[in-house]
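Number of protein chains: 2
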Amino acid sequence: MAQLYIHGKSYGVHSFLLQIRSLQDHKPLPGVTVGDIGPKFGYDVMDNGFLALNNVRIPRENMLMKHSRVEPDGTYVKPPSTKLAYGTMVQVRANIVMYSGVVLAKAVTIATRYSCVRRQSEMKPGHPEPQVLDYVTQQYKLFPYLAAAYAFWLTGQTMMSVYTTSSSQISKGDISVLPELHALSASLKALSSAAANVGMEECRLACGGHGYSHASGLPRLYTNATPASTAEGEHVVLMLQTARYLMKSYNQSLQGEKLAGSVAYLSGVQPVPAAGRTRNMLDLGVLCDAYRHRAARVVHETAAQLRSELQAGKDQADAWNATSVDLVKAATAHSQYFVVKNFAERLTDSTLDSSISDVLTRLCQLHALHGLVNNSGDFLEDGYLTGTDIRQARRHINALMAKLRPDAVALVDAFDFPDGILNSLLGRYDGNVYEHLLEWAKASPLNKTDVHQSYHKYLKPFLEANRAKL
Amino acid sequence: MAQLYIHGKSYGVHSFLLQIRSLQDHKPLPGVTVGDIGPKFGYDVMDNGFLALNNVRIPRENMLMKHSRVEPDGTYVKPPSTKLAYGTMVQVRANIVMYSGVVLAKAVTIATRYSCVRRQSEMKPGHPEPQVLDYVTQQYKLFPYLAAAYAFWLTGQTMMSVYTTSSSQISKGDISVLPELHALSASLKALSSAAANVGMEECRLACGGHGYSHASGLPRLYTNATPASTAEGEHVVLMLQTARYLMKSYNQSLQGEKLAGSVAYLSGVQPVPAAGRTRNMLDLGVLCDAYRHRAARVVHETAAQLRSELQAGKDQADAWNATSVDLVKAATAHSQYFVVKNFAERLTDSTLDSSISDVLTRLCQLHALHGLVNNSGDFLEDGYLTGTDIRQARRHINALMAKLRPDAVALVDAFDFPDGILNSLLGRYDGNVYEHLLEWAKASPLNKTDVHQSYHKYLKPFLEANRAKL
Numbered sequence: 041m042a043q044l045y046i047h048g049k050s051y052g053v054h055s056f057l058l059q060i061r062s063l064q065d066h067k068p069l070p071g072v073t074v075g076d077i078g079p080k081f082g083y084d085v086m087d088n089g090f091l092a093l094n095n096v097r098i099p100r101e102n103m104l105m106k107h108s109r110v111e112p113d114g115t116y117v118k119p120p121s122t123k124l125a126y127g128t129m130v131q132v133r134a135n136i137v138m139y140s141g142v143v144l145a146k147a148v149t150i151a152t153r154y155s156c157v158r159r160q161s162e163m164k165p166g167h168p169e170p171q172v173l174d175y176v177t178q179q180y181k182l183f184p185y186l187a188a189a190y191a192f193w194l195t196g197q198t199m200m201s202v203y204t205t206s207s208s209q210i211s212k213g214d215i216s217v218l219p220e221l222h223a224l225s226a227s228l229k230a231l232s233s234a235a236a237n238v239g240m241e242e243c244r245l246a247c248g249g250h251g252y253s254h255a256s257g258l259p260r261l262y263t264n265a266t267p268a269s270t271a272e273g274e275h276v277v278l279m280l281q282t283a284r285y286l287m288k289s290y291n292q293s294l295q296g297e298k299l300a301g302s303v304a305y306l307s308g309v310q311p312v313p314a315a316g317r318t319r320n321m322l323d324l325g326v327l328c329d330a331y332r333h334r335a336a337r338v339v340h341e342t343a344a345q346l347r348s349e350l351q352a353g354k355d356q357a358d359a360w361n362a363t364s365v366d367l368v369k370a371a372t373a374h375s376q377y378f379v380v381k382n383f384a385e386r387l388t389d390s391t392l393d394s395s396i397s398d399v400l401t402r403l404c405q406l407h408a409l410h411g412l413v414n415n416s417g418d419f420l421e422d423g424y425l426t427g428t429d430i431r432q433a434r435r436h437i438n439a440l441m442a443k444l445r446p447d448a449v450a451l452v453d454a455f456d457f458p459d460g461i462l463n464s465l466l467g468r469y470d471g472n473v474y475e476h477l478l479e480w481a482k483a484s485p486l487n488k489t490d491v492h493q494s495y496h497k498y499l500k501p502f503l504e505a506n507r508a509k510l
Numbered sequence: 041m042a043q044l045y046i047h048g049k050s051y052g053v054h055s056f057l058l059q060i061r062s063l064q065d066h067k068p069l070p071g072v073t074v075g076d077i078g079p080k081f082g083y084d085v086m087d088n089g090f091l092a093l094n095n096v097r098i099p100r101e102n103m104l105m106k107h108s109r110v111e112p113d114g115t116y117v118k119p120p121s122t123k124l125a126y127g128t129m130v131q132v133r134a135n136i137v138m139y140s141g142v143v144l145a146k147a148v149t150i151a152t153r154y155s156c157v158r159r160q161s162e163m164k165p166g167h168p169e170p171q172v173l174d175y176v177t178q179q180y181k182l183f184p185y186l187a188a189a190y191a192f193w194l195t196g197q198t199m200m201s202v203y204t205t206s207s208s209q210i211s212k213g214d215i216s217v218l219p220e221l222h223a224l225s226a227s228l229k230a231l232s233s234a235a236a237n238v239g240m241e242e243c244r245l246a247c248g249g250h251g252y253s254h255a256s257g258l259p260r261l262y263t264n265a266t267p268a269s270t271a272e273g274e275h276v277v278l279m280l281q282t283a284r285y286l287m288k289s290y291n292q293s294l295q296g297e298k299l300a301g302s303v304a305y306l307s308g309v310q311p312v313p314a315a316g317r318t319r320n321m322l323d324l325g326v327l328c329d330a331y332r333h334r335a336a337r338v339v340h341e342t343a344a345q346l347r348s349e350l351q352a353g354k355d356q357a358d359a360w361n362a363t364s365v366d367l368v369k370a371a372t373a374h375s376q377y378f379v380v381k382n383f384a385e386r387l388t389d390s391t392l393d394s395s396i397s398d399v400l401t402r403l404c405q406l407h408a409l410h411g412l413v414n415n416s417g418d419f420l421e422d423g424y425l426t427g428t429d430i431r432q433a434r435r436h437i438n439a440l441m442a443k444l445r446p447d448a449v450a451l452v453d454a455f456d457f458p459d460g461i462l463n464s465l466l467g468r469y470d471g472n473v474y475e476h477l478l479e480w481a482k483a484s485p486l487n488k489t490d491v492h493q494s495y496h497k498y499l500k501p502f503l504e505a506n507r508a509k510l
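Quick note, the sequences are listed as chains P and R, same order.
For this note's numbering, count along the first sequence from 1 and bump the result up by 40.
For this note's numbering, count along the second sequence from 1 and bump the result up by 40.
For the record, the hints were derived by calculation from the structure and aren't laboratory data.
These figures come from a predicted structure and were not determined experimentally.
Errors might be hidden in some of the hints.
With a straight-line cut-off of 25 Å between C-alpha atoms, the simulated DSS-like cross-links for lysine-lysine are [stated by the list, open to error]:
| no. | chain 1 | residue 1 | chain 2 | residue 2 |
| --- | --- | --- | --- | --- |
| 1 | P | Lys497 | R | Lys67 |
| 2 | R | Lys118 | P | Lys369 |
| 3 | R | Lys443 | P | Lys164 |
| 4 | R | Lys443 | P | Lys354 |
| 5 | R | Lys49 | R | Lys118 |
| 6 | P | Lys106 | P | Lys118 |
The whole structure should be built from the sequences, with the hints applied where relevant.
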């Protein structure tokens, strides 16, 4: 990517292809300085580099000219729409949503399997040590991420299928669906990659000290997957892109315009129900309504906040900056609603076997209830839910975990990661963890000899020289 | 540590000193198998190992016999109290609380300094790119951790001074203060190390892609400091230890007993104020009251929940397990109250210069308000705070960040980490980040030659063999 200048005038950032090294001897071509950027947290096989060009000529034809072009005489031809480049971005971000589901699934597979092998403490005096997965606190560490892995995978699938359906339309130049898709994919990418980040580490910590060993596979999983939360759009930047679309849509609805499907709900906030009404907090309809109400309320209040900053005399940029924490919150609420609703909708698929749909329903309920309890202030702030609802939600979470416990191993086995892909001794399919941990440790270079060479090189001379003083 | 058996009877786990290797040739002594446990996430200089002993005799004198003893005739002498061993644990955990403050301080120093060097995007058309620290969202990422670093450092200091004051009492055999100290140190260690874990990674992510480079110092800071959240007591285990003390104390208060200082508040929950009352959410007294009320309420409700599980027929162990998620929540609320109250109390120190006390007050307000807004459901659940209070709290946070912005660099400079300790190019005191990043990258072994040896070894033969097909 580089700034395109024609006759001294800048036309903005464009993509170019460029030969960097000689095909004869692989040396950098004249004017090219190139190198590796040094060691990173992980991803050692990825050759991220630096590049400087000094008086390097890039032929006009090296421009990727599908959308914007430069004629031989130097005339610049604009793309039919500046939004066309969003198409690929949407696809890449939908992929990251699925990828976030996959890395979470890997982490939770390792931690769940190991939690059935590992036994710790007497729960009851005189009884054998239980599998740590029998501790409700361990279930509470892992099952919400198990549910989230399914939720993000299903969200990514939906995103990808919407993109595929729309892409022929887009390639014909009809980009009417792009702003909505772009807004959706931005916040979902941010939401899912952040959840994967936190979740992978929670799974590692749930494996105790052994999670810290490279034998667990978890440190490497984390260091290789965490770039996804920065790359292809940083969290806050993406959430603010979505927030911009939400504010615009909300304002359009105030002017009576019809909104696109995923934001249609912004045109009205459901009223807060009368006090004393009881609800069934396990009902997915009730849960989706609660998430929708919360998203709509936060968007409305944030729009009001933005307006009041402008009315207080701030210019657009300063008002936006001053409201940005709330704007991120609004985009987060919007994307969480989408994930919950999408999960619930997928359960209505009539081809699902009822035994499958039962367990998936539990995962969906857990995902929705866990997010609700962890953000309970948002649902309580305007009285839409009550303290009684939240207490009921917490009891339901406990009950769901007990019901999911017998299916937990099957639910991670269903991800179907072979040992070679999981690359984790703790998460081995056969459960023979401790034997293999010892074998693996013995293979460490430090254990090749009974006495390490550093003894002969440093410790022995030191001891001999200082024995008198010791 | 090993099980102590005398004449076939076990007396539990005790500490022993043991010679592992020969002083002549460093070989493991007969019966000893010892080795390194293999590569880990970080901490490469720490020689964590495995050890197996087969028919190894450990002389009686090798026991650390300060408290429990074995007589030459095999008589076992119990320690005066089994709680005596807690003393050292309290000290170690208080140290981890301070250490959590220190590692957070390091991470936030790096991220804050770099956020003043790094410039990104036009905030206003035609204006230069602002320092990223001028974005309110960036302040919202970093300043709460800046405040938390001060909060945990001050908490650790208080813990340590209480321990030092009590330790002469303890060494004289008066262990009456130990249960309280133990309960406090357990949850504070869990709370602070978890916050440090999350905070270090948030600071890394707040540095964009450069946070991922080892040049930032952040990956190594994280991998070396994250063991603290597992070692010396895992998070949930520690929170449950504190919860046990909270439940016991609460039940004692029901029987009219006087409670120790840090839990005295459990003997009564303040009533929920009448509707319509307005409060100043910046007032530290108001904030401490809110945290106290929340902790007391959660402890009370959790005790009721535990009771109802027992009344439903569960035995003690199952009832405890079924309530354990709430028990962890109760211990968390208790420890958060302690940290906020301790910070507020330290500000009343009359030797503080008013300019210092002003800025520290802002940090304390931010710490308390941020925790409150992030757990707003807990404060709203029983109507103690209202939606209006929470909205006011969010506005105060925005205002506090704007006030802290000019002092941010001074507040991290005040930690006084020399460059050699911080070990971060992004966090350099002189701010010359980009020049040094390039120098550092050039020093990478991959950049020693213009053409890497892998070209000659692999790529060139491959290209020559396949050129016709390309």
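Hints and how they fare:
1. P:Lys497 x R:Lys67: holds, 15 Å
2. R:Lys118 x P:Lys369: Distance of about 58 Å is beyond 25 Å: violated.
3. R:Lys443 x P:Lys164: violated, 54 Å
4. R:Lys443 x P:Lys354: Status holds; Cα separation ~18 Å.
5. R:Lys49 x R:Lys118: holds, 14 Å
6. P:Lys106 x P:Lys118: With a Cα-Cα distance of about 11 Å, the restraint between P:Lys106 and P:Lys118 holds, given a limit of 25 Å.
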